[in-house]
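Visitor: Just so you know, the sequences run in chain order A and B. Each residue of the first sequence is one higher than the one before, counting from 1 in UniProt numbering. Each residue of the second sequence is one higher than the one before, counting from 1 in UniProt numbering.
FYI, nobody ran anything at the bench for these hints, they're computed from the structure. Take these hints with a grain of salt, some might be off.
[Stated by the list, open to error] According to the in silico footprint, chain B covers these stretches of chain A (three or more CB under 8 Å from chain B):
| id | region |
| --- | --- |
| 1 | 2–11 |
| 2 | 125–139 |
| 3 | 150–164 |
| 4 | 216–227 |
| 5 | 270–284 |
| 6 | 312–319 |
[What the hints assert, rightly or not] Below, in silico cross-link-like pairs of lysine-lysine (DSS-like), each with a Cα-Cα straight-line distance of 30 Å or less:
| id | chain 1 | residue 1 | chain 2 | residue 2 |
| --- | --- | --- | --- | --- |
| 7 | B | K252 | A | K109 |
| 8 | B | K226 | A | K106 |
| 9 | B | K14 | B | K311 |
| 10 | B | K42 | B | K252 |
Predicted model, so just to flag it, every value in this text is computed and none were measured. Every residue gets a Cβ at the ideal spot worked out from N, C-alpha and C, and that includes glycine.
Number of protein chains: 2
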Amino acid sequence: MKHNFGAGPCILPKDVFAEASQAVLDFNGTGLSILEISHRSKEFEAVIAEAESLVRELLEVPAGYSILFLQGGASQQFAMVPFNLLPTYGRAAYLDTGTWSSKALKEAKNFGAIDVVASSSDRNYSYIPKSYAVPADAAYLHYTSNNTIFGTEIFDLPQADVPLVSDMSSDIFSRVVNVADHGLIYAGAQKNMGPAGVTLVVVKDELLGKTGRTIPSIFDYQQHAKADSMYNTPPVFSIYVSVLNLRWLKAKGGVSVMEQENIIKARQLYEEIDRNPFFRGTAEVEDRSRMNVTFVMTNPALEEEFLALAKERGMVGLKGHRSVGGFRASIYNALGISSINALTDLMREFEEAHN
Amino acid sequence: MKHNFGAGPCILPKDVFAEASQAVLDFNGTGLSILEISHRSKEFEAVIAEAESLVRELLEVPAGYSILFLQGGASQQFAMVPFNLLPTYGRAAYLDTGTWSSKALKEAKNFGAIDVVASSSDRNYSYIPKSYAVPADAAYLHYTSNNTIFGTEIFDLPQADVPLVSDMSSDIFSRVVNVADHGLIYAGAQKNMGPAGVTLVVVKDELLGKTGRTIPSIFDYQQHAKADSMYNTPPVFSIYVSVLNLRWLKAKGGVSVMEQENIIKARQLYEEIDRNPFFRGTAEVEDRSRMNVTFVMTNPALEEEFLALAKERGMVGLKGHRSVGGFRASIYNALGISSINALTDLMREFEEAHN
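Build out the structure end to end from the sequences listed, making use of the hints.
Guide: Structure representation (structure tokens):
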């Protein structure tokens, strides 16, 4: 058995893989593969309608918000957000908490003036800045809710009198979020929503159409909203597998139940990191991510050995990102407590063997 | 058995479905699903390298061209092409042969002046305009090589002294094309390349970086080329299934062998349409598409009956697009001659039953 600690595209439930595999052969008894059905067929229209309805239910999306399934990943949203929300000659505020927020604000500079209200780059993004002022004339404040690379997460909503825009790619569906506090939320699917190839956007309709800018149709949220995410051929399979995964999440009890499990999983791993003298966490304790647990060894010379042992036990994806080094255990929704046990057991065994 | 005549997403070979289904459970014996592997893993790097190499081999792409796997469909290329190739204050030429070329030129107008060199809209796009002048100062001439909706195809390369840009979404890999005659070719995958969710772009490098415009990274071909289509997380599964399909095409003997099969398939169907007094083709004979065969009944009142009979025999996707009416048989690479036989047999039986 494999324990997939990869940062993404990442583990999804085994049952989802089994159902997806079957649908590639025969989708819902149609005699056709999910890969060869028309996106205009009544079968696929039911899939995309269910995708929207599951997102609306699981995230408790209020009225007045559109739910879109787009392509291009979160990186495309780095451009589409300012394209659609930042007025010509306007300004927007960005909170810089890591590689992805840096990229987001860099792309936004193509569309207007950008205020970086705070940055944690001074200490290799190991913490979340807490106090900063957001200009009242900013079109929005953009923040990255979870920093996949650096293992930090924002648990207290940024305070601002302007609409909040959040890249939730790596923690959406992992904890309860109040959508109504946000103007726009986006997320690449490939962590807790589904496979790579589809991007979720939840946007407050009243914010759209106000930039004074002509937006090419394919980059215009209003066009996608009007067409119910079928402005052009959508990524059929990625949306279908997302539906399978969101059904699984709903059957588990939804986001709040998942959040409790994720708290327990993260606590067990961080407790071992803090207890075990061979290991050390890299993020500030209060800002530690529940999705991506970053840690190093107090003696870096032992890291290769530990990784090799982990591999022997079927653990994959544990190597840390080069920006942080050491290890990163991504412990998304579908990763069971047995995988956490396998890792903490190995950490204890390693300690005993080397003491 | 189903005969899938759908216009796209469309039929792919059964063996491709079988292999794709297996990879969703266990990719190449890794113990992991293709849906949960990292796009930075050596396993996926081999997949995307093979995708590029198969495209290069099958289309005989010369040196000096980049091969990109992007997201967003051909519709996103309607904007990305002028974003990247149409200089600020420049102009581009478009040949208008149907719904998709109309959409392409409409989006291009966001980026510069557009000359529509010719249009067949006067006769519901039932033919390909043959004589027109292309302004010498156009940055490029854009044409749609096959018009999926109207059932026409361009067999003689447009004559122009400017770079050719072609949307080949619905006939790429179905016939031999001289890439060197083009500055850029793009194609949504979901006909003859693979499932929906990935878009192929083949672009001559020397045309890039000359617009004088700042392009957001995600829309910049040069960024994608520099990153070997891994600027951000690619649509892993769609690329993988495209590789399976292109391997199948290569094993069949490649594009020229496929072209011969497609000529035979199309000829058999058009011959029956022309012979059978109950049916009538909608496109000019010399411009008839080998991929999308559009036809109506001489007595339209019988169309519902014919469609119902076809459905009884397992034929799906035959209903014509509302812009043309009647029927559209999409006969892409993976559709075997047995499906053509099933359709022409039914047409003959229908004739006999109604005579």
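Visitor: State the violated hints by number, sorted upward, taking the hints as numbered earlier in the document.
Guide: Going through the list in order, the structure violates hints 2, 3, 5, 7 and respects the others.
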